[in-house]
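**Student:** Using the sequences and the hints, build the whole thing.
In the order they appear, the protein sequences are chains Z and H. Read in order, the letters of the first sequence correspond to residues 1 to 119 in our numbering. Read in order, the letters of the second sequence correspond to residues 1 to 137 in our numbering.
Possibly wrong hints are sitting among the right ones.
Said to hold, decoys possible - One-sided excerpt, in silico: chain H residues whose CB lies under 7 Å from chain Z: (1) S49; (2) Y87; (3) P105.
Rather than coming from a laboratory, the hints here were simulated on the basis of the structure. Positions of the beta carbon are idealized from the N, C-alpha and C atoms, including for glycine.
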Amino acid sequence: MDDYPDFVVKESLRLLVLLSTAPFSDCAPLTRKFNDLPPRPGIYAFKHRDLGILYIGKSNSIRARLRGGHKALGWAFIDRMAPDDVHIAHVPLSFEWNRVSYQLEQVMIRRIQPPYSDR
Amino acid sequence: MQTADSTTKATLLSHFPERIQVALSHYAAELNLPPESLVQLGIGYFLESADIDAGVIDQALPEPHQGILANFPKAMQKGIEQYATEYEFPPEAVVELAVTFLLDPDASSFEECQVGLQREQVHLLQHYRQDHQAEAA
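**Tutor:** Pasting the structure below:
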């Protein structure tokens with residue numbers, strides 16, 4: 001993680017704590033339209049009720065990203081996970097932080113290596 | 001959907017980096033649309049997912065406006081400005097958010113955008129376009 005500026009690493013780890021500690025019941029359930037997700041830039045995580053974070057991603061619209069289908073949903077299905085055992089945690093990004101969202105995402109993925117994050 | 005005249009078309013695309021212009025042309029050819037209409041379709045989809053009326057079938061002429069927003073119908077300009085106010089992004093950045101999402105839903109900016117044709121994005125836009133054509137009929 002030394003190849004990213006300290007302020008990026010620090011913010012990544014702060015956001016990762018938010019995603020990791022968000023109570024499962026407060027995260028957005030899987031639905032067709034994902035109206036519980038914000039239509040704005042941010043970082044999101046697929047969380048399993050018992051297994052924790054499965055995937056971390058980012059998008060300019062978290063709601064539209066999930067609404068359009070997602071490979072992590074397919075993997076969860078193949079792994080026989082029940083839809084009610086998978087929720088989406090999310091954190092919004094401001095205009096300034098969205099410019100470095102790739103770096104934020106990569107720091108998080110390297111830190112916890114979610115099983116479905118292979119990008 | 002309203003389509004801009006030829007002068008506006010050149011102006012709209014010229015706001016984007018060359019590689020983005022090329023990618024938009026590929027998507028436009030796939031959807032049999034002028035690239036400028038494709039941009040409006042993509043922005044319409046992005047705003048509508050935020051429950052903002054995109055005005056993609058609006059027939060009003062653009063108001064005098066500075067920058068890239070001047071290229072869009074009035075209703076779409078309002079939608080972009082509404083989104084910009086609600087989420088605290090500059091209006092011009094909202095256009096980049098939407099166009100980037102159109103080309104690569106995992107990218108955050110033109111710079112990061114993977115410009116290869118993504119079949120899922122083509123299908124998504126086709127469905128969105130069909131839905132609006134049905135509504136307009």
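**Student:** Given Y87/H as an interface hint, is its Cβ closer than 7 Å to any Cβ of chain Z?
**Tutor:** Y87/H check passes; min Cβ-Cβ to chain Z is 5 Å, inside 7 Å.
**Student:** Can S49/H be said to touch chain Z, with a Cβ gap under 7 Å?
**Tutor:** 4 Å, holds
**Student:** Under 7 Å, Cβ to Cβ, is where P105/H needs to be relative to chain Z, so tell me if that hint holds or is violated.
**Tutor:** 5 Å, holds
Against the hints set out earlier in the document, no violation occurs for any number.
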